[in-house]
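Assemble the whole structure, with the sequences as input and the hints as a guide.
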Amino acid sequence: MKRISFLRVLLLGSIAACTPVTAKVFLRVEASPLPPADKTGIQDVVLLWPLRDPSVAAKLHSQGYRVFLQCESKDLAAVVATADRAAVTGMIVTNTVPSSQFHAAERLHPYFAAHKSLTFRMLVPGGKQPQLKGRLVVERDGVLQISSPSSQPWLDTNLALVRLAQSMDPDSLPIIYDFHWDTSGALPDAWHPDAEAYAVAIAEADAIRSDVTIDLPSSLQRALVAGDPRAWTLWKGIMPYLDFSSHAATERMLPVANLGVIVDDGQASYEAINLMARHNLAFESVRPSGVTLARLSSWNSVVVFCPLNKEAVALLRDFAASGGIVIFVNTHDEFSWHSAPPLRQESRATVYSIGAGQVVELPEPVVDPENFARDLRRLIGRERSALALWNSLTTLVTGYREQSRSDVTLYLVNYANQPDSVQVQVKGRFARVRLESPEQPCCVSVPFVERGGFTEFTIPALRITARVHLDSARESSATP
Amino acid sequence: MRWLKSAALPSLTLAMLPLPAILCSPQNSSFVHQKRYAMGTVFEIVIYDEDLPRADAAARAALDEVVRLDGMMSNYKPESDLSRMNRTAHFQPVRIPREIYEVIEESLYYSRHSDGQFDISVGPLVDLWKAALAGGPLPTAADQASARRCVGYQKIELTPPDRIQFHSDCMRLDLGAIGKGYAVDRTAEILNASGIHRAYIDAGGSTIYALGAPPGGTAWRVRLRDPSRKLGPEVMLRNNSVSTSEQSAPSSLQGDAPGHIIVPGTGKPLQTRYAISVAAPSATASDALSTTLLLLGPTKGAALVKTLHNVSAMWIDSDGQRTIVGDGVSFFLTGENRPIQVSPPKNRIAATSKAANELLP
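Those protein sequence lines, which keep their order, are chains L and Y. Just so we're aligned: the first sequence equals residues 23 to 502 in this note's numbering. Just so we're aligned: the second sequence equals residues 210 to 570 in this note's numbering.
If you are wondering where the hints come from, they were derived from the structure by calculation, not from laboratory data. No false leads were slipped in.
Quick partial rundown of chain Y residues pointing at chain L, CB under 7 Å, derived from the structure:
hint, residue
1, Val251
2, Tyr285
3, Gly414
4, Ser461
Label-pair ranges, simulated between beta-carbon atoms:
hint, chain 1, residue 1, chain 2, residue 2, range
5, L, Glu405, Y, Cys379, 23 to 29 Å
6, L, Gly249, Y, Val276, 33 to 39 Å
7, Y, Val276, L, Ser240, 33 to 39 Å
8, L, Arg473, Y, Arg293, 24 to 30 Å
9, Y, Arg269, L, Glu94, 39 to 45 Å
10, Y, Ala402, L, Ser240, 38 to 44 Å
11, L, Ala343, Y, Ala351, 32 to 38 Å
12, Y, Arg304, L, Ser369, 54 to 60 Å
In this text, a Cβ means the ideal position worked out from N, Cα and C, and glycines have one as well.
Following this line, the structure appears as structure tokens:
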């Protein structure tokens, strides 16, 4: 793809505002005692509204915590009134009004602007515990069912959820997601979840660069307060991950992505995008209004899940002509390139060759997201992929680039409870590759090779998470 | 071991569904459910037992064994015993662990009975096409010819009790089409030895072994892969196994994306419209036979099944056409609401593995 440097500068400026800065862990607790913040390693705690005893918030504040109240948007006025009296730092607002996240944020934004002393987060619904899933679901009555038709290891991840939320509401409130712990398979009398489950959740939020709310089970909260050694052993297994997460960069970072996803309804296309995330396709999602020349200049492939106006279609035609791949999903529109015969026509896809690139039109929605994501990965190929992993079916990778430099940081999360040998390929040339992890303080140099414009290296035993810093001495060559 | 079969198969839908009349919904039953990632897939064990700590420990021990076998039989871990063997067994005998010896011995049995359609030396060809599967260029004829030179089970020589030699300078073995089954059998053995008698062992959905029956039931009901979505095939398992195999689905975005199962004879990806399910007394047998019989197809495959004892096989294509043979457990087509009866043929040989080589022609 032809690259235009001044457009890149425009691009950096245009999307910096929508990139989250923090990936904080908020601990949702019962409105009851908690050990002090310097013991738990947590700074932000969440209490559910309504509060039976507002003094709990003040007590937690005195223990070193920043206290957030989680409430529904309809209760906001009452909560704000309490906040002023109870040493509350901010609100996490759930949208219970039957409207999209985008419209809810739009509606509430003036309200938030009027209370600048408080910090607000908009809760993204639909989060799930990040974990490696099996095929079996064991229900309470002992009946067993298969949960997934795929024999690939299935990862539950919140990456797509957050990416979509960020694209739906780019200029409004900071978002936060949460989930509930999966308690199936928990043995009686055992702490559940275990430390590894917390660690994966913390690591995932770090990799997504989004705030997350994690539930602290009441039994564990009570045991920690009581000084139960087993509870503290578990918690001390979690603290290195909290500490590691807290040391991530806080500068505004741009996601490394070679694939653009254009979407106007996150729900309709969610599963396809979820599987794209699952297959480590480095993507960004934008609304149709976000399709600009500047944006397209950083991608080499685009998937379109929604109707576009003529200007956007023209931009995509030019994008394809200069070597890009464009896939229209569930489209029956007439396009200018239909005047020429297609390169290939099948019941499930029609392919047009346009200049140096191609347009693929699918007449139906994605019915098999797993196959769609895998086909997409094949179509894009390694040569066009900004990031790729080998033999790492349980690891997800995200990449970010600093605004003013070409340095790249990769965030890796291994969802399996087994160390993984991860082979990584990153597009671009770098002078140095450095690794840090909870087990390996920053940083150790990682041997790497350059091959065909890519930097390749191996992380021998990725346990749960690591960050890899790729430092560029030749800034102009380290492009996605 | 890349365990490519399990890693790349798209949708081997093996579903275990409630069947109240048979399972009697085990209310209040206590169970343990554990999973572990190994061999490129997720191994899961469900155990019903009154002694939960015992069940928990047994499941943990069994999954530890799967991880140990993965470390031994992996061909992408350079330090594994299999990788070491693949580096050193050319033109001189080398000692290998008992487990690898057993798996190779059983593999050769299926190679001979399938005229080489099942072949654990096909790795160089698989790797060649794997790049194309990932979006790379299709291999040239010269590439294919070069890789085919390294393939051929006849060039593997086993010397009891623990030695192997390759009569080829470029041969290397990949146990991905049988190793998962072997690991499932080892898992069942460990559970049995721990006093567990009601367990369901699932290796990524493509190979399943049922130990005993769930509480209140006579067998574990398993829903099988059906590309036609018309037949609703199921099988009842009790102390036996079922495996399913299917070629990768064609790409919706690219016309020439190859599948992941390679025909050793031609060196090219298998073209078939079938999915196959094979029930056998052991998971090693069902795993190996599912690949073998998919490669053979229903006509030649049925002839092979008819020589085996306690094996059933079912081929189903996307139109719902099916071929069902064998004297093992019956398959049920719930879409047609009737069981498939198979009459037992004569003159069979055992499909179980332990004495496999003694039965070779």
